[in-house]
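Each residue of the sequence shown is one higher than the one before, starting from 23 at the first, in our numbering.
Incorrect hints may have been included.
The calculated label-pair distances, taken between Cβ atoms and stated as ranges, are [stated by the list, open to error]:
#1 His91 to Leu31: 19 to 25 Å
#2 Met23 to Ile101: 14 to 20 Å
#3 Val105 to Leu31: 15 to 21 Å
#4 Ile101 to Thr32: 33 to 39 Å
#5 Asn60 to Val103: 24 to 30 Å
#6 Asp50 to Asn25: 15 to 21 Å
#7 Ile102 to Asn25: 18 to 24 Å
Because the hints were derived from the structure by calculation, they are not lab data.
Glycine residues also receive a C-beta, built at the ideal position from the N, C-alpha and C atoms.
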Amino acid sequence: MWNVTTGALTTEYHGHRAGIRSLAWSPDGAFITFGCDNQTVWIVDASTGNLVYSYPRHRRAVTDVAWSHDGSRIVSSDIIVQVWEAI
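All chains, full assembly: derive it from the sequences and hints.
So, in structure tokens, the structure goes:
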């Protein structure tokens, strides 16, 4: 992740080898959710880049992810939409 004002790299996210098709910030800005080519959804701590949770239940690449307005649920989709409890 880069600082938009300075252009400096602030955080790197390691450990993910598949492509990322979508991402969404949690409403409080504490987490980032990634929809991935390897059929998983990753939730990472936005400040550290550490993996918090991996949701591996999709059958195809995850093309979209979104948080509910209150941060209690995450919606993800491949060809099927899934709604699940956030962390």
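Quick rundown of the hints versus the structure:
In this structure, His91 and Leu31 break the distance hint of 19 to 25 Å, their C-beta atoms being roughly 31 Å apart. With their beta carbons about 30 Å apart, Met23 and Ile101 fall outside the hinted range of 14 to 20 Å. The hinted window of 15 to 21 Å between Val105 and Leu31 is violated, with their beta carbons roughly 34 Å apart. Separation of Ile101 from Thr32 is about 35 Å and conforms to the stated range, judged on CB atoms against 33 to 39 Å.
About 19 Å separates the C-beta atoms of Asn60 and Val103, a value inconsistent with the hinted range of 24 to 30 Å. At roughly 20 Å, the beta carbons of Asp50 and Asn25 sit within the given window of 15 to 21 Å. At about 37 Å, the CB distance of Ile102 to Asn25 disagrees with the hint of 18 to 24 Å.
In this structure, the hints that do not hold are numbers 1, 2, 3, 5, 7, in rising order.
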